[in-house]
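One line per chain: the protein sequences are C and Y, in this order.
So that you can map any letter, position 240 of the first sequence is 240 in this note's numbering, and since no number is skipped, the others follow by simple counting.
Convert by adding 302 to the 1-based position in the second sequence; the result is the number in this note's numbering.
Just so you know, these hints were derived from the structure itself, not from any lab.
It is possible that part of the hints are untrue.
Claimed, not checked - Simulated coverage check for chain Y against chain C, where a stretch passes if three residues somewhere in it have a Cβ under 8 Å from a Cβ of chain C:
| hint | segment |
| --- | --- |
| 1 | 321-332 |
| 2 | 352-362 |
| 3 | 370-378 |
It should be emphasised that the depicted structure is a prediction, and the values quoted were computed from it without experimental measurement.
By construction, the Cβ of each residue, glycine as well, lies at the ideal position given by its N, Cα and C atoms.
Residue strings, one per chain:
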Amino acid sequence: MTRRIYIALLRLHPRRFRERFAEEMIGIFDEESKNGRPLRLLVDAVASALRQRAFRAHGTAPATAYTDSIQGRAPMFQTIEPQPLNLAAIFPGAAMTLLSFAALTLAIGRGGGSLPGFLVGTKHPRPAVLPFDRSSIMAADIPTEVKVKSPDPDLADQLAKIYFNTIRVLTALDIDTDHILSDREINSASSALNGVDRNHDGELDAEECGFSVGIDLRFRQDVALIEQARRDFMRINPVLAVLDADHNGRIAAVEIQAAAAALQALDENRDGKLTPVEVLPHPAENSMPGTLFRLPILVRWR
Amino acid sequence: MRTGEKATQPLNPATLLILLALAGADLHGYGIMQEVSRQSDGKCRLGPGTLYDNLQRLIDLGWVKELDSDDPRRRDYRLAPSGRKILSAEIDRLERVVWDGRLRLGKPKRA
Numbered sequence: 001m002t003r004r005i006y007i008a009l010l011r012l013h014p015r016r017f018r019e020r021f022a023e024e025m026i027g028i029f030d031e032e033s034k035n036g037r038p039l040r041l042l043v044d045a046v047a048s049a050l051r052q053r054a055f056r057a058h059g060t061a062p063a064t065a066y067t068d069s070i071q072g073r074a075p076m077f078q079t080i081e082p083q084p085l086n087l088a089a090i091f092p093g094a095a096m097t098l099l100s101f102a103a104l105t106l107a108i109g110r111g112g113g114s115l116p117g118f119l120v121g122t123k124h125p126r127p128a129v130l131p132f133d134r135s136s137i138m139a140a141d142i143p144t145e146v147k148v149k150s151p152d153p154d155l156a157d158q159l160a161k162i163y164f165n166t167i168r169v170l171t172a173l174d175i176d177t178d179h180i181l182s183d184r185e186i187n188s189a190s191s192a193l194n195g196v197d198r199n200h201d202g203e204l205d206a207e208e209c210g211f212s213v214g215i216d217l218r219f220r221q222d223v224a225l226i227e228q229a230r231r232d233f234m235r236i237n238p239v240l241a242v243l244d245a246d247h248n249g250r251i252a253a254v255e256i257q258a259a260a261a262a263l264q265a266l267d268e269n270r271d272g273k274l275t276p277v278e279v280l281p282h283p284a285e286n287s288m289p290g291t292l293f294r295l296p297i298l299v300r301w302r
Numbered sequence: 303m304r305t306g307e308k309a310t311q312p313l314n315p316a317t318l319l320i321l322l323a324l325a326g327a328d329l330h331g332y333g334i335m336q337e338v339s340r341q342s343d344g345k346c347r348l349g350p351g352t353l354y355d356n357l358q359r360l361i362d363l364g365w366v367k368e369l370d371s372d373d374p375r376r377r378d379y380r381l382a383p384s385g386r387k388i389l390s391a392e393i394d395r396l397e398r399v400v401w402d403g404r405l406r407l408g409k410p411k412r413a
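Excised from the complex, chain C in its bound form (with noise of 0.2 Å):
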């Protein structure tokens, strides 16, 4: 068996090596062989057929440089080298080209985002080597439809509860905590608001509808920073907002008597009551420049 394979790697080397040495090295495997050694030799057969292929050159004799020609005229074709084509650097080159081509293909595979996009494959194509699917002449408005996804029904359910408990005014609005202001809650709206009044004195500041200082020290000691953070409360809910009418940052008993009346202008759809769409405060309000006060909740969807 490992004599058949021993012949099979000699038919691998070149047909010059071949015919010269083959009979001589069968004898030698046969030799050794009674010696029991003969896998080294097959180790041997198979570099020696890779170094007779990649580095031993084994062509013929020098083709003539030309090919075709006439006496007395010029040569119709001449080769460039004198020598013909050496066949055992095909398979050197061959090796090399596999090589390369697999360098790229994992280049290309492993590179993903991080490579320049110049390499095939990759996920950001560059905008020049897209195809044209129209004329850049010719102008054309290109109709665009914009979907936004509809929030989840539980997390604006989340969202309103926390909200509500966050804004002591609205928790006293809400009498029945279904965290929707029915005209009867608005109606009563300055009653729920007298309730709020802790200090008595007929109007409510901003700690009384649920503003907060928080715990920093620093902040608490800036005196003109809380104003501020007072007045941007004040101003951002847009409860607080329609009910503090002249925005002093004071509900004023007026303004409490006047509830009903300012908390219908709220109601955007007219259906006589507010839901959380119409009570949450707007992003865009929420981060003003120079807004000091800022809402745990962020988000109103419509």
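With chain C held as given, fit chain Y onto it using these hints.
Frame of chain C, contents of chain Y only:
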């Protein structure tokens, strides 16, 4: 065909061992392998592929001649005069290396 001494020195180890093996007598391929193993106390073993790769080159250079034989599986090889000249030059070079080495290391020359 390269035959110049300067162009060939130093010889590679396999070539030197083959030329040394053929310097004593004409040998066939398996005989060269055994002689190389004997000269190196079994430390150096030439495989057939390495042997005939070198033999082919030495024949092309004209340093070794292939003798006529009726048995294609056992052909003898002989060291040609040019090969003997190359081998002699290599031995001289190695002698100079050994002499210079001993001189630098301060080791006395063996008797």
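Status of each hint after checking the structure:
1. Coverage of the segment 321-332 of chain Y by chain C holds in this model, with 3 residues showing a Cβ closer than 8 Å to a Cβ of that chain against a need of three.
2. Look at the segment 352-362 of chain Y against chain C: 5 of its residues bring a Cβ nearer than 8 Å to a Cβ of that chain, three or more, so the hint holds.
3. With 4 residues bearing a CB less than 8 Å from a CB of chain C, the segment 370-378 of chain Y meets the requirement of three and the coverage assertion stands.
Every hint from the earlier list agrees with this structure, and none is contradicted.
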